[in-house]
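Please construct the entire structure, taking both the sequences and the accompanying hints into account.
If you're matching them up, the sequences are chains A and B in order.
No gaps in the numbering here: position 336 of the first sequence is 336 in my numbering, and each next residue is one more.
No gaps in the numbering here: position 129 of the second sequence is 129 in my numbering, and each next residue is one more.
You can trust all of the hints, since none of them are fake.
Which copy? The list can't say, so a pair holds if one copy fits it or any two copies do.
Once the Cα atoms are required to be at most 20 Å apart in a straight line, the calculated EDC-like pairs of lysine to aspartate or glutamate come out as:
no., residue 1, residue 2
1, LYS284, GLU263
2, LYS342, GLU316
3, LYS342, GLU262
4, LYS349, ASP309
5, LYS353, ASP309
These are computed hints drawn from the structure, not numbers from a lab.
Because the structure is a prediction, the values reported are computed rather than measured.
There are 2 protein chains.
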Amino acid sequence: MNFSDLFDTTKDLRMHSVPHSQIVVSSRVRLARNLHQKPFPGWAKKSERITLMEEMKSAVEALPEMALAFSERMENLSLLEKQVLVERYLISCEHAQKSFGSALVMNTHQTLSVMINEEDHLRMQAILPGFQLKEAFSMIAKIDTALEERLAFAFHPKLGYLTACPSNVGTGMRVSAMLHLPGLVLFEYMNKIINAVHKMGFVVRGLHGEGTDAMGNLFQISNQTTLGEKEEDIIQRLHVVIEQIIQHESNARVILLKQKSEELEDHIGRTYGILCHAYSITTKEALNLLSLIKLGIDLSLFPADVSHDVNALLIEVQPAHLQKRAQLPKTTTKIRDSLRAKLIRTKLKNLPKPLLL
Amino acid sequence: MNFSDLFDTTKDLRMHSVPHSQIVVSSRVRLARNLHQKPFPGWAKKSERITLMEEMKSAVEALPEMALAFSERMENLSLLEKQVLVERYLISCEHAQKSFGSALVMNTHQTLSVMINEEDHLRMQAILPGFQLKEAFSMIAKIDTALEERLAFAFHPKLGYLTACPSNVGTGMRVSAMLHLPGLVLFEYMNKIINAVHKMGFVVRGLHGEGTDAMGNLFQISNQTTLGEKEEDIIQRLHVVIEQIIQHESNARVILLKQKSEELEDHIGRTYGILCHAYSITTKEALNLLSLIKLGIDLSLFPADVSHDVNALLIEVQPAHLQKRAQLPKTTTKIRDSLRAKLIRTKLKNLPKPLLL
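As structure tokens, then:
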């Protein structure tokens with residue numbers, strides 16, 4: 001697979017709609033694994049890292065799930081390409097900084113990606129659209145089992161899988177879901193949710209993980225602990241928590257439609273008007289406004305379900321995607337804000353206008 | 001003339017364009033006069049007020065300028081009709097509260113209006129579009145002279161015309177201009193202007209006179225003193241001050257176009273988008289946003305000069321005008337905000353879209 005194919009959101013199967021995808025944008029399971037008696041990437045010499053990387057890369061490429069995969073050493077990717085991958089949640093910010101001795105292998109559908117020599121030797125993830133935590137876990141567990149047949153993983157009978165950072169020891173699993181919660185934000189209910197979720201051992205973060213603001217009313221919820229609990233139990237507990245959040249968000253939306261329908265129409269109408277006529281727009285504002293358009297579509301304030309197009313825009317308005325599309329070797333914030341406004345205007349022109357207005 | 005004719009802005013000759021009308025929206029001269037040895041309206045008994053009112057009303061109606069005039073006793077006007085007159089600057093808020101013993105006479109073009117038994121026996125004004133202070137003064141001086149032949153005015157050889165409030169004694173004249181100054185507001189230059197103008201003996205106020213906020217970047221500038229200076233000299237001095245403000249505003253607009261053209265296009269584009277798609281909008285927000293559309297038209301960011309339509313909207317979005325148009329016996333703020341948004345959407349749909357966007 002060619003890198004440019006990654007850029008075409010119409011080929012991104014993660015964009016296809018599935019049950020509960022209005023509120024749960026995506027489900028993700030990531031496993032951290034390390035090779036038995038080999039130094040962690042942060043401790044290894046460059047030559048060791050390269051040798052291990054080549055070995056793991058071949059093993060991953062050999063998996064039937066990775067047929068026709070995109071597979072590349074990190075030094076062969078440009079800064080811009082790495083940033084595009086980050087914006088699609090295919091690699092981490094940390095991995096984007098890697099060069100010699102690190103690699104990425106991912107499948108055609110962009111649902112499976114394996115980072116080689118990130119913080120751990122292997123960070124493998126499955127990401128699916130909508131509320132599909134269990135399905136994502138099955139997918140990645142299959143990869144894990146297949147790789148374990150080819151590679152010796154560092155495993156301690158009492159602790160479980162060993163990892164570079166102690167916070168991942170045990171299952172090595174981070175399971176997360178991206179939720180779109182404009183109703184709970186509008187009713188200023190998110191702090192309550194965050195506190196409640198925290199008490200149950202899960203953590204809520206913004207769009208791009210730790211330390212980032214919640215933009216576009218998008219929240220990532222994930223497990224904090226990897227020790228002392230089976231994978232299936234963690235996933236089941238998170239599943240129940242998310243079901244409850246979905247219920248709260250759905251209720252908030254019903255109340256919005258019933259009690260505040262005029263305010264809502266006004267709010268969404270203005271948002272649509274700004275997006276159709278702005279000449280310059282930041283990523284943050286674009287995500288926040290597109291989030292309201294997404295809400296309007298979910299609430300049938302638009303004559304057709306064009307959430308696929310809006311979901312694609314939420315990815316495409318991000319800085320690296322914009323620069324890639326414009327084929328510019330360099331951009332400034334100002335140029336990107338202008339490109340972003342133009343892209344949104346062009347795309348919205350082809351979508352149906354909101355009803356009633 | 002029928003009251004409903006007042007409501008049709010296409011018949012309002014004050015809307016026609018004249019030189020400098022981009023920055024100077026209108027020019028107004030008002031004279032306060034009282035009858036010799038008759039009690040001021042605030043001191044007179046009801047029966048006295050009625051007798052004097054009928055006498056003055058006949059005298060005003062007899063003027064050739066008032067042929068086919070709209071002439072009415074205040075008790076015959078509804079609250080809503082009075083409010084429409086206030087929104088058009090044809091009567092004062094104080095006069096809108098009058099009933100038996102007070103009256104209004106105005107010409108067909110709505111350029112001349114005479115309030116009978118407001119605070120003074122006669123408050124007569126000429127209002128013209130654009131920068132026409134001297135022309136407005138000529139018009140009202142003619143009425144004043146003609147009335148003085150029929151009615152004995154209270155005049156003191158040393159003080160001049162006597163008035164109910166000492167602040168009007170002398171010329172009894174208040175001369176004012178309504179200026180549209182979005183450039184100076186955007187550059188945060190208005191406080192400097194207000195202070196400088198104040199030092200020259202003039203005062204700057206918001207849209208509806210004393211104690212009102214500046215909405216829609218509209219400012220009223222008028223004389224403070226009525227004693228010790230001839231009418232022509234006051235007008236000449238104000239004329240010079242306004243010429244300077246026009247120069248400053250024009251400079252600000254040139255700088256906006258040169259240095260901030262992208263911000264300006266973005267700002268005006270978003271404003272247009274909001275106005276085309278809002279579902280609820282307050283008077284204040286509507287005036288502020290329409291002010292920017294007006295600026296965009298002045299700066300040729302629209303393909304045609306539709307300032308006449310926008311000037312009309314600035315009047316029509318006001319509460320009483322909206323209620324009158326909807327023919328509702330009662331409204332609430334919420335209903336008016338929704339009617340206002342609908343009116344603006346409908347009107348803007350028929351106007352050309354901004355260029356470049």
